[in-house]
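Take a look at the letters that make up each chain.
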Amino acid sequence: MSADMTAAAPAPESGSGVIHNIGYRRYDGRRLGRAQIVLALTWQSLRAAFGIGRGAKAKIVPAILFVLMCLPAAINAVALATNPSGGALVGYDNYVVSLRSLVMLVFVAVQAPHLVSGDLRNHTLPLYFARPIRRIDYPAAKLAAFVLACLLMIEIPLLILYIGNVSQVHGAKAVWAQTRQLGPGLLYGLAWAVLLASIGLALASTTGRRVFATCTIGIPLFFSYILSHALFMIGRQAYGPVAPGQESALASLSGLISPFTLLGGVLRWLQGPPKPGRPLQVSQVTLVGHYGDVYGLVFLILLAAAVGALVARYRKLAVA
Amino acid sequence: MIGESTPQAGGQSRRPALEAVIQADGLTKRYGATVTALDQLTVNVGAGVTGLIGANGAGKSTLIKILLGLVDPTSGRAAVLGHDCASEGFAIRTLTGYMPEHDCLPPDVTATEFVTHMGRMSGLPATAAKERAADSLRHVGLYEERYRQIGTHSTGMKQRVKLAQALVGDPRLLLLDEPTNGLDPAGRAEMLELIARIGSEFGISMLVASHLLGEIEQICDHVVAIDAGRLLRADSISSVTRVSQVLLVEVDEGADLLIAELARRGLAPVSYERGLLVQLAGDETFDAVRDAVADLGLPLSRMEQRRHRIEELFRADPAAAESGQPGSARVGPAADLTTGVSRVS
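Quick note, the sequences are listed as chains X and E, same order. Just so we're aligned, residue 2 is where the first sequence starts under this note's numbering, counting upward by one. Just so we're aligned, residue 25 is where the second sequence starts under this note's numbering, counting upward by one.
This is chain X alone, in the form it adopts within the complex (with noise of 0.2 Å):
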């Protein structure tokens, strides 16, 4: 007995195999800057933005809606493959305008409050702010993670497209002409991310419960994408077009209302005046008439709305 006693004495002196023994360790490695901190939460938040680091729930809606976004490139690949011919179904500036407006809206409606309305509902932000980071910095990594979520949502489908109809061509002039209009397509998808991403999150983060954040996106966005079309719809019937291809005032300002249709108002402002060779998409793309710049204009300012509200509404959160 006395043998095992002092056998046993030293053990917790020496500290091994006995976890609690170890004392507290001093941290002295590398320390990251505020940029790799901004960083690492823009990492962070763009895994949320499609459910990796939660559970196996929360990455159905996601993948669901990528699936759908990549569907046209994808049958666009396998009709060109058995059709070579046939040319492309689907372009890289007007990708499938309404599946894309739906899906887009969709995805940020239901995935955008997944960045900024836990933080909230827990009351989280002040263990941020109490870090060495500054106030501006935390809605700045949400708002780049959600761009680049939504980018990635809009732009891989486009590149599938692009692979797709580079596949089945036939030397370099033609793989150039495709990349030469992959370039404008992939710019703006740009705008498309940005100016949903900065929407969604200023509304997103106007209330810390999901549900509300969820129905704060989307029913405005859904019902003035809705209200846009019927005010399209009764601009062209009721005044009819001004002249070949200018629509009436009514018809030519409509899209203005929904971020979706003013996109597409955007595009045809970008792209400038219709050349008589190439017609108008008529069901595609908003018509804009005379007041393109209008659109360039709106969009400017609604993009410049939604970022200062979604900075605003940080730098007065009180840290609790």
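Dumping the calculated EDC-like pairs for lysine to aspartate or glutamate here, alpha-carbon to alpha-carbon at most 20 Å:
| id | chain 1 | residue 1 | chain 2 | residue 2 |
| --- | --- | --- | --- | --- |
| 1 | E | K154 | E | E168 |
| 2 | E | K182 | E | E169 |
| 3 | E | K182 | E | E168 |
| 4 | E | K154 | E | D132 |
| 5 | X | K58 | E | D132 |
| 6 | X | K60 | E | E137 |
| 7 | E | K182 | E | D159 |
| 8 | E | K182 | E | D132 |
| 9 | E | K154 | E | E169 |
| 10 | E | K182 | E | E125 |
| 11 | E | K182 | E | E217 |
| 12 | E | K182 | X | D120 |
| 13 | E | K182 | E | D127 |
| 14 | E | K182 | E | E214 |
| 15 | X | K317 | X | D120 |
| 16 | E | K182 | E | D208 |
| 17 | E | K154 | X | D29 |
| 18 | E | K154 | E | E137 |
| 19 | X | K58 | E | E137 |
| 20 | X | K60 | E | D132 |
| 21 | X | K317 | E | D96 |
One-sided and incomplete, this derived list gives chain X residues near chain E with beta-carbon spacing under 7 Å:
| id | residue |
| --- | --- |
| 22 | Y25 |
| 23 | R27 |
| 24 | Y28 |
| 25 | R32 |
| 26 | I38 |
| 27 | A41 |
| 28 | G119 |
| 29 | N123 |
| 30 | T125 |
| 31 | L128 |
| 32 | A131 |
| 33 | R132 |
Taking CB as the label site, the calculated pair distances span:
| id | chain 1 | residue 1 | chain 2 | residue 2 | range |
| --- | --- | --- | --- | --- | --- |
| 34 | E | R333 | X | G56 | 51 to 57 Å |
| 35 | X | V62 | E | Y55 | 41 to 47 Å |
| 36 | X | G30 | E | Q173 | 27 to 33 Å |
Note that these hints are calculated values from the structure, not bench results. Note that beta-carbon positions come from the ideal geometry of N, C-alpha and C, so glycine has one too.
Starting from the structure of chain X, add chain E where the hints point.
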């Protein structure tokens, strides 16, 4: 005399302070025209565990927010670890850990994930954040529970997670706002023991805000008492609770007789619980009590010099101070407490 020592030079401190950890100079914070959260607060806090005591609404949380550089003072200045709070909040926040008073935890992630993430936000690289999160959670006494979602934790475990996230960045200073909030007596005792251990074994300075006097007395070396945004007193616990000039005498029976006898001998005894209190005038008071007890043949069970209690800091209206009515104790402490004790300024 102990009472004349400043908090920084307090001989009873376990860790002699080399420099002030927290300095506040004429700190004033007003919200709007009517609400004054802090009013010309000037105080120095040295290393070690310091209690920040005051009723709810006395300005404790406001002071902590100013120290973290999250709220700008209306006037005056403050510094933490030598950094100015208004201009160097960024540097301060790399050196401090903050445990807020309210709930701040997401229910749908595990404690490990959350504390790791908060370690990243404190500027730790990914691997270090993981290691330190595991360390911190172990230090606060969370073992298997740390792999469960925080929503399934008890209040006591949640408080530990809150402490762990404050600890994860290896701070020089911890600012704990009501760390025993919502805990039952057992959980309260465990949390206090944990805080005391972090202070003594980990060597991390701490400012512990609480409205519960007993807790502060239990774990702190120093105490800063504020009321309605004003400093009541800053001193070491030992001098706040030093012996007073009041003698407590308890007899098993015949207290009334003893009171009458002492009054006859020229003392002014006051009945107190099972015994009586007399003002100490010197050794002759002890002699008088001894003689009186002996003459009456009473069974003397206890005779001791009473200690001051922290409660007395708020004695102007202790009941109101406890119930959290601001301004009730504005008058300040009773005169006998302030005499002979330097108010830090």
